[in-house]
Each structure stands twice: as C-alpha cells, then as structure tokens.
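There are 4 protein chains.
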Amino acid sequence: MKETMIVVYEKPDIYDPIFIEGLPGIGLVGKLAAEHLIQELNAKKFAELYSPHFMHQVIVKKDSTVDLMRNEFYYWKSPDDEHRDLIIITGDTQVPPTDSYGHFEVVGKMLDFVEQFGTREIITMGGYQVPELEGEPRVLAAFTDLETKEKYKHLPVVFREDEGGAIVGAAGLLLGIGKLRGMKGACFLGESLGYIVDAKAAKAVLSVVAQVLNLEIDMSALDERAKETEEILKKVQEMQRAMFEQQMPQPGHEEEDRGYL
Amino acid sequence: MKETMIVVYEKPDIYDPIFIEGLPGIGLVGKLAAEHLIQELNAKKFAELYSPHFMHQVIVKKDSTVDLMRNEFYYWKSPDDEHRDLIIITGDTQVPPTDSYGHFEVVGKMLDFVEQFGTREIITMGGYQVPELEGEPRVLAAFTDLETKEKYKHLPVVFREDEGGAIVGAAGLLLGIGKLRGMKGACFLGESLGYIVDAKAAKAVLSVVAQVLNLEIDMSALDERAKETEEILKKVQEMQRAMFEQQMPQPGHEEEDRGYL
Amino acid sequence: MKETMIVVYEKPDIYDPIFIEGLPGIGLVGKLAAEHLIQELNAKKFAELYSPHFMHQVIVKKDSTVDLMRNEFYYWKSPDDEHRDLIIITGDTQVPPTDSYGHFEVVGKMLDFVEQFGTREIITMGGYQVPELEGEPRVLAAFTDLETKEKYKHLPVVFREDEGGAIVGAAGLLLGIGKLRGMKGACFLGESLGYIVDAKAAKAVLSVVAQVLNLEIDMSALDERAKETEEILKKVQEMQRAMFEQQMPQPGHEEEDRGYL
Amino acid sequence: MKETMIVVYEKPDIYDPIFIEGLPGIGLVGKLAAEHLIQELNAKKFAELYSPHFMHQVIVKKDSTVDLMRNEFYYWKSPDDEHRDLIIITGDTQVPPTDSYGHFEVVGKMLDFVEQFGTREIITMGGYQVPELEGEPRVLAAFTDLETKEKYKHLPVVFREDEGGAIVGAAGLLLGIGKLRGMKGACFLGESLGYIVDAKAAKAVLSVVAQVLNLEIDMSALDERAKETEEILKKVQEMQRAMFEQQMPQPGHEEEDRGYL
Chain A
1 MKETMIVVYE
11 KPDIYDPIFI
21 EGLPGIGLVG
31 KLAAEHLIQE
41 LNAKKFAELY
51 SPHFMHQVIV
61 KKDSTVDLMR
71 NEFYYWKSPD
81 DEHRDLIIIT
91 GDTQVPPTDS
101 YGHFEVVGKM
111 LDFVEQFGTR
121 EIITMGGYQV
131 PELEGEPRVL
141 AAFTDLETKE
151 KYKHLPVVFR
161 EDEGGAIVGA
171 AGLLLGIGKL
181 RGMKGACFLG
191 ESLGYIVDAK
201 AAKAVLSVVA
211 QVLNLEIDMS
221 ALDERAKETE
231 EILKKVQEMQ
241 RAMFEQQMPQ
251 PGHEEEDRGY
261 L
Chain B
1 MKETMIVVYE
11 KPDIYDPIFI
21 EGLPGIGLVG
31 KLAAEHLIQE
41 LNAKKFAELY
51 SPHFMHQVIV
61 KKDSTVDLMR
71 NEFYYWKSPD
81 DEHRDLIIIT
91 GDTQVPPTDS
101 YGHFEVVGKM
111 LDFVEQFGTR
121 EIITMGGYQV
131 PELEGEPRVL
141 AAFTDLETKE
151 KYKHLPVVFR
161 EDEGGAIVGA
171 AGLLLGIGKL
181 RGMKGACFLG
191 ESLGYIVDAK
201 AAKAVLSVVA
211 QVLNLEIDMS
221 ALDERAKETE
231 EILKKVQEMQ
241 RAMFEQQMPQ
251 PGHEEEDRGY
261 L
Chain C
1 MKETMIVVYE
11 KPDIYDPIFI
21 EGLPGIGLVG
31 KLAAEHLIQE
41 LNAKKFAELY
51 SPHFMHQVIV
61 KKDSTVDLMR
71 NEFYYWKSPD
81 DEHRDLIIIT
91 GDTQVPPTDS
101 YGHFEVVGKM
111 LDFVEQFGTR
121 EIITMGGYQV
131 PELEGEPRVL
141 AAFTDLETKE
151 KYKHLPVVFR
161 EDEGGAIVGA
171 AGLLLGIGKL
181 RGMKGACFLG
191 ESLGYIVDAK
201 AAKAVLSVVA
211 QVLNLEIDMS
221 ALDERAKETE
231 EILKKVQEMQ
241 RAMFEQQMPQ
251 PGHEEEDRGY
261 L
Chain D
1 MKETMIVVYE
11 KPDIYDPIFI
21 EGLPGIGLVG
31 KLAAEHLIQE
41 LNAKKFAELY
51 SPHFMHQVIV
61 KKDSTVDLMR
71 NEFYYWKSPD
81 DEHRDLIIIT
91 GDTQVPPTDS
101 YGHFEVVGKM
111 LDFVEQFGTR
121 EIITMGGYQV
131 PELEGEPRVL
141 AAFTDLETKE
151 KYKHLPVVFR
161 EDEGGAIVGA
171 AGLLLGIGKL
181 RGMKGACFLG
191 ESLGYIVDAK
201 AAKAVLSVVA
211 QVLNLEIDMS
221 ALDERAKETE
231 EILKKVQEMQ
241 RAMFEQQMPQ
251 PGHEEEDRGY
261 L
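Residue numbers (the working numbering), protein chains in the order written: chain A, 1 to 261; chain B, 1 to 261; chain C, 1 to 261; chain D, 1 to 261.
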C-alpha cells in the first residue's frame, strides 16, 4: 500500500452534505461525539479509509478476527428540507504525531473523497486540553472565515481568541486545507483533562453540533458514559492523593528508598 | 534502490500455495519456526526480497562475505493431494518500528509477489510477549474472518479475545492487507518472555501449523534448541537474582557507590 | 496535499527582483527584520506557500479564524532606477529540524517560484546564536561566491571565517541551492542569545540590508521593540539569579529537597 | 531538490575504473585515506553529488563562501597497463543514521553514476570501532564474494569472520547493492577508537589499498597527521585521568557537589 486508500461499499444518494469529523484525540471527545451521533441517527457506513501512514499493526476484535487500523465514513440522508445530508467520519486512529506529511496526505484524501459528494461545509469535533476543570466543560469554537463565525455567533460556545494557539491533527487540518479548496467550516472543542475517556466533554460538543444541525439528539447513552467518566475521575484523584502521601520520604528510611529508585 | 525489490531465481511450478510467514520478532519465535519447517521439508529458496526501508548496512558472514539484509522466499511442492503447496518466507529483519510507511510498502510487495503464484491463504507465526511464564507456552490465535476461525476451531490454540490488542509488523499486516485483497489467513503466536531465542515457543507454534498443514514434522532439532533455551533461562534468572542482591546498598559505602553511577 | 504548493493572488510586474528571506529562526531575527521591511516599504502580499512538511496543525487568530501554517511572498516595485524590485518572504514557520528532505523540497519550490520573476540575487537574514552578548550585536556575513563578497566588503559586517561552521535552514539552503542554479547571494546574521524575540539583532541586520538596497528605513518601531527586548532580558537575568539562589541546598533540609525532585 | 543529484563538470576518458570510497565515518578513517590518495595521485575532481537527504544546511568556508554539504568524485587515469583507472569519492558527509531510505537512495545514485563509466569493481574504506587499542591498528576485510576474497588473501589484513556483524553506511551498502548489480568489491576497515581524527588507522588502510592497486603512495603527510593523532590521544587520556580523579566525591563536600549537578 503506497497511498492512503478508500474502500467504497456504496455510493449514497446525498446532496451537498455537511462533513462531520470525530476522530481519536484528546479525551477521545471527537470520537465519542461522532459515534453517538452515528448511533442516534442510525447513519450507515459506506466507506473505509486505510493508510500506510497509520501504525503498522492490526487490531484484535473480541471475536478473534483482526483488521488494519482504519477510519470509517457514514452517511445520513436528511428526511426533509429542514435538515442537511451528512457524512460523518470516525475511526481507530489518526496518523502518529511524528509524521506531519502523513497527516496532510490522509486529510487530503478525505477531502478528495467527500468533495465527490458535493461537500462544501465541514464541522470538526475534539477535546481542548485544560490542566484542571471545575463544573461543566465549555465548548471552544474556531472557524475558517468570519462569515461562518457570524453564522454561528448565537451558539453557546466560547470563540477562541488565543492568537497563535493551535489545533493539531484532522480537526484543524480539515479546516485549513478545506479552506484552500473553497470550503467553509467550524471546529468545536470541549474542555477536557485529556487523560480519560471524556463523555462529559463529548456531550457538550455534540449538544452544540446538534443545535447547528437542528437535530434533537437523545443524550441518554452519553449521559450514562458521562457518569462513568465522573466516577473514574474521582477514583483517579483519590489514587493521586494516595500516591502523593506515599512519596513523601520517611525519616530513617533513606537508604532503603534509594535502593528502589 | 527506491522501492522494495524481489530478485527471482526460479519460477516454481506451484498451485494455490499457502503463504507462511516467519520473520524476526518477539523471541525470534516466527523465524525459528519457519527455519525449522524449511529444513524439515527441504524447501527450496527461489527468491530474495531487499528493501530501502531495511537498515542501511550489510551483514558479515563467517566466510567474510557480506550481504544486504534481506528476506528469503522458499517453496515446497506437495507430493500428493492430501497436502498443499507452500511458500515460506523468513529472513534477517523486518522494517524498523519507526517506519510505518516502510512496513506497509514491504508487506504490499510481498503480497504482490505471492499473488502471482495464486496465493489465497496466509499463515503468520510469531511470539506473544508475556511478563512471566510457567509451564508450556500456549499458542494464541487470530484470524482474518469468522469462516477461517471456524475452520481452525479444533486446534489446540487459545483464541485471542483481547479487544483492542494489537499484532505489530508483518505477522499482523499480512492478514490486514491480505484481507483487503480477498485473502484469508490465521496468525499463531507462542507465549514468550521475549528476550531470548525462544525455541520452546517456536516448537509450540510449529506444532499447531504442522497440524493445519497435515504434516508430520520431526521436532528433534527444535527440541535440542528448546533445551538450550531452558538452560539460558535458568542462567538468566540466577544472574538476575545475583544482581538484585548486589544492588542493595551497603551501609557505610554510600560515597563509593555514587562514584560509580 | 502531496507537495509544497504556492497559491498566487497576483502576478506583480517586477523585473530582476532581489529575493529577501526572513523566516522564523534564532531570536526570530530574520522574521522581525523582514516584517519591518515589509511594513516600511508597504510591500504587497501576492502569494502564499503551504507545505505538507510543515506542522500538521492550524493556527488560531484573534478573530477566531484559523489558517494552516504558511509563508508569504510580498513584492515591492522600485520607484526609480536607483533601486531594485524586491520579493520578500516571511511567515509562520520553517520545516521542523527532523525533516531535512522537507527543507530541501520547500526551498526548491521557493526558488522555482521566484525564478519565474527573473530572480538572480538572494539576501537571507537571521540570527547567530551566541552564549553571551555585551554591547551591540554584530552582523556576520557569508556569501555564495567571492565576487559577491567583494561587492559587499564595504558593509559594517564581520565576514564569517569559521571553516566548517554551518547555516541551518532556509537562510543557508537558499544560498546553497540557489548557487547550483546560477544565482548569487549573501546571508546576514545578527548575534543573538536566541531565546527571546531579539529586535536589537533584527535592527542590526536590517540596517545592513538597507545599506545594500540603498534604502532609508525608519527604524523607530524596531527601536521600540528593541527597548522591550532589553527590558525582557533584564527580567530574565533577574529571574535566573533568583532561581539559582533558590536551588542552593540548605543544610539540614536534605531529605525535604530530595522529596521534591 | 527532490532527488539526489550529480553535477558533472567533465566526462573523463577512463576505462573499467575501480570505484574507491572514503566518506566520513568512524575516526574519519575512510575520508582521510581517500583525501590522501587523491592528493598523492593528483586525481582530478569531475563531479559533485548533492542530496536532499543530507543535513539541511550550508557549510561556511574560511573565505566566507558557503556550500551545501556534498560528496565529490575524482578520477585518475592510469599511466600504463600495470595500473587501473580509478574513480575516488569523498566528501563532507553521509546521510544521517535516522534516514535508512536516504542511504539507499544516495548509494543507488552513486552506483548509477559510476556504472556509466564501466565500473565493475569497488573498494570501500573506513574505520572499525574498538574500545581500546594497543600497538598498530589492524585492517579488517570483508568481500562481496569468495572469488574476491581469494584474490586478496595475500594482503596483510584480517578477514572478518564475525557472523552477524555489520558494516553500516556507504562502506557496506556500496558492496551490498553493488553485488545485486553484478559488481565485485572489498571493504577495508582500520581499527580505531573512533572519537578522534584517526590518521594512523587511515594510513594502515591506505597501505593495504595501495598494495591492491599496485601503487607506491608516499605516506609522509599521513605520517605527520598520525603523529598529531598520537599526541591528541595522549592528551585525551591525561584529561580523562584528571576528570576521573576530580569526580571522586570528597568527604565533607557533598552538598556543594550536588549544587553543581
């Protein structure tokens, strides 16, 4: 395999779809949000993306079968004129951070593909790493252009104004490269501590995207995962407190401690 | 050399061969198993694979000649209808872990090559890293599809069910990429501590593969190596015990110890 | 995106322009100098360079829009026969240091582009890392050939004679590759401590380049930034002194200190 | 620059030349040997090799001019039938060790080039890293094939028999890839501690190569450098002894020492 390749199972009959991205990243926020959206809309998988820039391994499934790491394209055909057709992408992985060239190659192929279906608008979803978090995670937003920013000014988001800040990976590149192709888009990132599977942040981001798409999304499943997330967070904090107390050196045990470094 | 290249010495007259892979990896399990199989079957080398993705060096032989690092293809023509023709690959190296793109390129070229002979089935062999091991190493199995899993359900193997676990390198990629080309296959990994040349695990894996191929393989040579493996393991454990005792700081020798860090 | 690409907004009517480079590097000296020159000349942006070898991210602006990292080409049309037309390049980034191939590819594309406008001469600007600096930073110079060196011998610069020394990145490669294409050029580097935004060094370099171009450049804005630079430098030195005093171990507190390592 | 390129200044009238390589490596042994040979034979430079796989920098010369890093081809036309025409390559650099693909690409281009002149035989020169060295450095040899080994069995060299040992970089790859193209060759490596400019080892290797080529090479200049090498070695050993004594912790000065870590 010399180039990223897309295996197409079906050519959906969709028109001017919005391309929504939710790939693995900080807190798995984007992936969780995308998976939940796919589930609630009952979106149908129609293509798979494989890349020689992904990790050189296969992943084992519970049924003992294996697959290369991949991204998956789903489509949803809008039932009426109030809603837009959608292409949603999620998957196992992004290109590892050491391979910038691979990131550009893969995102370029994604855009080539969705352009075939007439895509002109993009929404990317992910997590925004914060060192600590109290209360509900906010959703930060950034846009390809001021017209799109204006269109979304009513949303319950915080516009990013951190000049020089970055959005790394597909969530950023899809907008950056899409912009050069005349596309427009927005990126919604939920504040997250980053080291857990953050369903709270995913719910926050998906709520905003649901508003954008004028969809009612039942968040129950995500709520359940969000409660699990809070439990895990509490446990992690307890463990950290315990580890800290354990690390304080005890007078008189100096040599023994050093023996275990 | 800009691409992986295969030098062909002979075009064997084989039909619908099974492609068996045993390249260097954990515990050298796959390589030992493949080498032993080649020896016992008296399989004949018919092609060599070289790659610009391998380490940029030549290897010195005992007779003072040098060669690039390479993989070697052997074939075995079945003597009757009870057995399948085989292509076996083993060699000096796989692509280093920092070059995912290289892994995909090399495995792609391997499959291009064996497809020319009508290959539709693949068996890959290797080691499965475990932190400790008591008794005989088990053989873990994974498959391209449920049909193949069903076909092999009678084997004395443990089906992997570790959802999200990975098989890195050729042993995994051959199945993953092969699958996209309509091929079917199985991967057999012998539990191994990983840091020694593990003939015990190799024997375990090869016994399973021999069953799959309906072959009687004389394991004497591997048994010999397996005994050597156990000796080495015992010695290593003794050394570890001695090192541990030596590391405990002795009271009064603090400054001297630090001088040698 | 598989190759570095240049998006052209306008084809300026310029003749035999001098190509001036000031991209991010040591002390951001080159970039500051280029930005100031662009500002004072009111040079006009006419093209943007994007590359799959840049970091795989977009940068957030204060107005919440995002862009890929890029370099920008500006042109200035000389008002009379005493001055030369100019193409000036500056931007967000250079290729990261781990990707030598990317550096060559990007600079090659830059030269392909400016050659279309008849460019035969190059001036590159940057910082020269020094461990400490007293008084005004000197400007070090190097050239593609002895004829150019002779042409510039009257400048208030120090000719580099450090045989085997290197000029890394675009500032060096533009001259090295340009040379192979029959172009001529000079590189002017201002001594800089490197870890701050060094407007003093930028001013020193730009003063030399202004002389080369026979331009009067108002340095006021750079002067302002230079004063800020000196303030920051003083603060950093104070912080370093304070940190040093804090690091000295206090007798009797040995165990506590080690506890925080 | 997308590929390694060779700039040709002259097409020498040579026949069936032996290609001799001496590029930077361990102890700079190969480079020193090649440079001395070029000097003594008064060989003429006729081509330069540049590569996007070399470090992305230019090197400053004492006269303030700069050049990309490069390799240089020299030729020597034999004066009679007793001697062979020669192509000698030396230069600033090899491809960095992190870029295996680059090594193969560059060596492939070198061989493409010298094949144009009818090259069928290769001699590579370099250093062989040893931890310590007493007396004169030995010259270790390895070959593409047994016929060549037989041809050189009379030389005062030690045939390498370290099965599995490696020769990294151009010195090895030229033989490995050359072999695939039907060429024959030998590699001569002088034992060297590796961290100094080792003129002693260079002299040892060049003496052997001179014998192979049936040339009388005046070694005076290398002898001079060899004496300098010995002086440097003595100084380094003294420094190491002094540093070691300084490192031993002095009782009562524990806190001060740690303050300077």
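For the record, the hints were derived by calculation from the structure and aren't laboratory data. Hints should not be assumed to be uniformly reliable.
Cut-off 30 Å, straight-line C-alpha distance, at most; resulting in silico cross-link-like pairs (DSSO-like, lysine-lysine) [as the list claims (entries may be wrong)]:
id, chain 1, residue 1, chain 2, residue 2
1, C, K179, D, K109
2, A, K2, C, K179
3, A, K2, B, K61
4, B, K227, B, K109
5, A, K2, B, K45
6, D, K184, B, K11
ask   = Taken at face value, is the distance from the CA of D:K109 to the CA of C:K179 at most 30 Å?
value = 22 Å, holds
ask   = Does the structure keep B:K227 and B:K109 at a Cα separation of 30 Å or less?
value = 37 Å, violated
task = Given the hint that A:K2 pairs with B:K45, test it: the Cα-Cα distance must not exceed 30 Å.
result = 27 Å, holds
message = Check the hint pairing D:K184 with B:K11 against an upper bound of 30 Å on the C-alpha distance.
response = The hint holds at about 26 Å.
query = Regarding the pair A:K2 and B:K61, is the alpha-carbon distance no greater than 30 Å?
reply = 33 Å, violated
query = Given the hinted pair A:K2 and C:K179, is their alpha-carbon gap at most 30 Å?
reply = 34 Å, violated
Hints 2, 3, 4 from the earlier list are contradicted by this structure; the remaining hints agree with it.
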